[in-house]
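Peer 1: Here's the letter readout for the chains.
There are 2 protein chains.
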Amino acid sequence: MSKRTAHSPRTHALSVRDSRFLIVGGASLVGSATAELLLAEGAAEVVILDNFFQGSAEAIKHLTGDARLKTVTADVMRLPQLIAATSGMDGVLHLAALMSLTMDRDPWMGLDVNIRGTQNVIEACCINGVRKLVFPSSNAVYGYGPGVVGDLVETSPFHSTGAPPAAILYGASKIIGEQLCRDAHLKRGLDYVALRYSTIYGERQHYRAANALYIIETHDRVRRGERPRVIGDGSETKHFVHVSDVARANAAAFTANATNVAVNISGPKPVTTLEIVRLVTELSGRDLIPEHVEPDPSKVRLTSGGAWALDHTLAGQTIGWRPQVDMREGIRRLIAWREATGN
Amino acid sequence: MSKRTAHSPRTHALSVRDSRFLIVGGASLVGSATAELLLAEGAAEVVILDNFFQGSAEAIKHLTGDARLKTVTADVMRLPQLIAATSGMDGVLHLAALMSLTMDRDPWMGLDVNIRGTQNVIEACCINGVRKLVFPSSNAVYGYGPGVVGDLVETSPFHSTGAPPAAILYGASKIIGEQLCRDAHLKRGLDYVALRYSTIYGERQHYRAANALYIIETHDRVRRGERPRVIGDGSETKHFVHVSDVARANAAAFTANATNVAVNISGPKPVTTLEIVRLVTELSGRDLIPEHVEPDPSKVRLTSGGAWALDHTLAGQTIGWRPQVDMREGIRRLIAWREATGN
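As they're listed, the protein sequences go chains B and S.
In this text, residue positions in the first sequence follow our numbering: the first is 1, and each later residue adds one.
In this text, residue positions in the second sequence follow our numbering: the first is 1001, and each later residue adds one.
If you're looking for bench data, these hints aren't it; they were derived computationally from the structure.
Don't be surprised by glycine CBs; every beta carbon is placed ideally from N, CA and C.
Please note that the accuracy of each hint is not assured.
As the list claims (entries may be wrong) - For each label pair, taking beta carbons as the anchor points, the in silico distance ranges come out as:
1. B:E294 to S:T1155: 40 to 50 Å
2. B:P297 to S:T1155: 14 to 24 Å
3. S:Y1207 to B:S15: 27 to 37 Å
As the list claims (entries may be wrong) - One side of the interface only, derived from the structure: several residues of chain S facing chain B at Cβ under 8 Å:
4. T1011
5. I1168
6. I1175
7. L1279
As the list claims (entries may be wrong) - Listed next, the stretches of chain B that the computed footprint assigns to chain S, with coverage defined by at least 3 CB atoms under 8 Å from CB atoms of chain S:
8. 82 to 96
9. 100 to 114
10. 164 to 170
11. 232 to 241
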């Protein structure tokens, strides 16, 4: 376990090599990819904590066999379990959260997990002197609806007019999470980096993310030989980021000499939903013409007012990160994983 | 107790006369003024529920003697108490909340009260078929910092860059409260109106509101014969609303045929802090020259980027309300009350 010596200058950097990491809510898309990367980069230990409500053993089974990986069944709503799990940890990545679709079904649990859960994680980190917390935030802190257009930078405000309640609750819960980190930094010296992920996709993709559904539901139809569906004219902007780039961003947030900052994490370029449908169709080796359909009013949709992009320039300056995987390569990998694993 | 008859057209209006009202967190500035108004307008019953953590018996003692007024000691964190208290109620006004100063001291309790407390109130209202909930929101849903300039209308976004954590937590908690109401309206048919109050001042003023402190701390100094203090050049904009206008807005929100809407509630015009200091000094009958001081960095200050105003046009259109008391008259009443009561 790495320790600052008493006479060394204060640094906010935490090297991955030989450090111990806890990934809260880690038995999932981002958690499994990050655990894999941290282990590959020489972490002394990676503990995945999950209550397996959304997470699954399946998501981390490719990591079994590495003696440095441990799993703990625990819940972010139980502070004593988090205090026990953070003991001796150098870095904590707090992924446990409900997104808009689940927030819509159960706002009560969503706010509990996203707000109280984050309070508990921060409290546990402070109690045990964890050197750095990486807090996954979201481009949802800029909101949805007609106000969201153009380049979103870290000072852009939160737009909510015209957005569904669950999307606003989710975005506001992430704004609160960031501020709880900032408050703990200012009052208790906790080092943290908040990463505002755009929509994540990739290997071990699940069905819980409203925007990532565009990719996998399209692939589901196309591989059954059905025509893919485009909502409206397909011009709606989406900005994805591949899960391997997110894992690299998480590691970079630990190793960079950065604290008390929130930065955008997004893929190389935004795409339209029509482009996604065409890419998925082409990379599936199919020749199917998309059909244009009206949105299903019973579903939570996250739409903006026009073309927008999540600008990740600041992440380059602050944690030395930039995305490497473009949409074509990322969708190719996702499809290859689904075909290989029967998902 | 007023009831909709089965054959009447669906209305979202709730007359004050002969109706029963619960004011949650009511033993305070706004609660006492609203209770007084509802009783004057013929309410059958007004129940003030408070845990007396911030509220005080002092704040409602001018109402004792009216048999239609009852008080209940209970806590918004205890759902069964709210279910009991909302039973048989026609209208509920949910005032219990922590503001920025208290949020700064204890974010954990602040988020509990403002979010879980609101969830509990909404749940109790739905369980007992309360006809209308009035949810006090805040101009804090537009945030603070350099982004806040010009006319704030109900579609303006939430700015947080440059604002203190507690102010952002408070604003986000109010955004969440509004959306919890909206979600309950859409899924469970709860009628509600959210009122985004600007800074409230007036008789029975307390020391818990960061902006209202400008008035009463100035008055405290002036009546001791000390020079009043202006932070910086005094050009900072504040937009106050007198408590009697807020009480009228609460009543109007019940009686108007409006639901599922959030509207701004503010005084006739914004003022600068220098104008406030001059008004308080003049109306105190003193001739003291203000001294200009630097802000105290240990205090939570709610500042914006320039001149701004909370536009209350929509409140006129939606609930037929407009403010009546200007700053000169409001400060005159506040000072008269402090002199008469020894506060």
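Peer 1: The structure should be examined with respect to each hint, and the outcome stated for every one.
Peer 2: Hints and how they fare:
Evaluation of the 40 to 50 Å hint for B:E294 and S:T1155 yields a failure: the beta carbon distance comes to about 25 Å. Restraint check, B:P297 to S:T1155: a C-beta distance of roughly 22 Å satisfies the suggested window 14 to 24 Å. For the pair S:Y1207 and B:S15, the beta carbons lie near 48 Å from each other, so the given range of 27 to 37 Å is not met. A distance limit of 8 Å between C-beta atoms decides the matter here; for S:T1011 the minimum to chain B is near 24 Å, and the interface restraint is violated.
With its C-beta approaching chain B no nearer than about 5 Å, S:I1168 sits inside the 8 Å limit, and its interface hint holds. Hint status for S:I1175 relative to chain B: holds, with the closest Cβ pair at about 5 Å, below 8 Å. Contact between S:L1279 and chain B, as hinted, is not supported at the beta carbon level, the nearest pair being about 32 Å apart and thus beyond 8 Å. Restraint check on the region 82 to 96 of chain B versus chain S: 0 residues with Cβ-Cβ distances below 8 Å, three needed, restraint violated.
Residues of the region 100 to 114 of chain B lying with their CB closer than 8 Å to a CB of chain S number 3, which satisfies the three-residue condition for coverage. Counting residues of the region 164 to 170 of chain B whose beta-carbon sits less than 8 Å from any beta-carbon of chain S gives 4, enough to reach three: the coverage restraint holds. Evaluation of the coverage hint for the region 232 to 241 of chain B: breached, as 0 residues show C-beta separations to chain S shorter than 8 Å, against a requirement of three.
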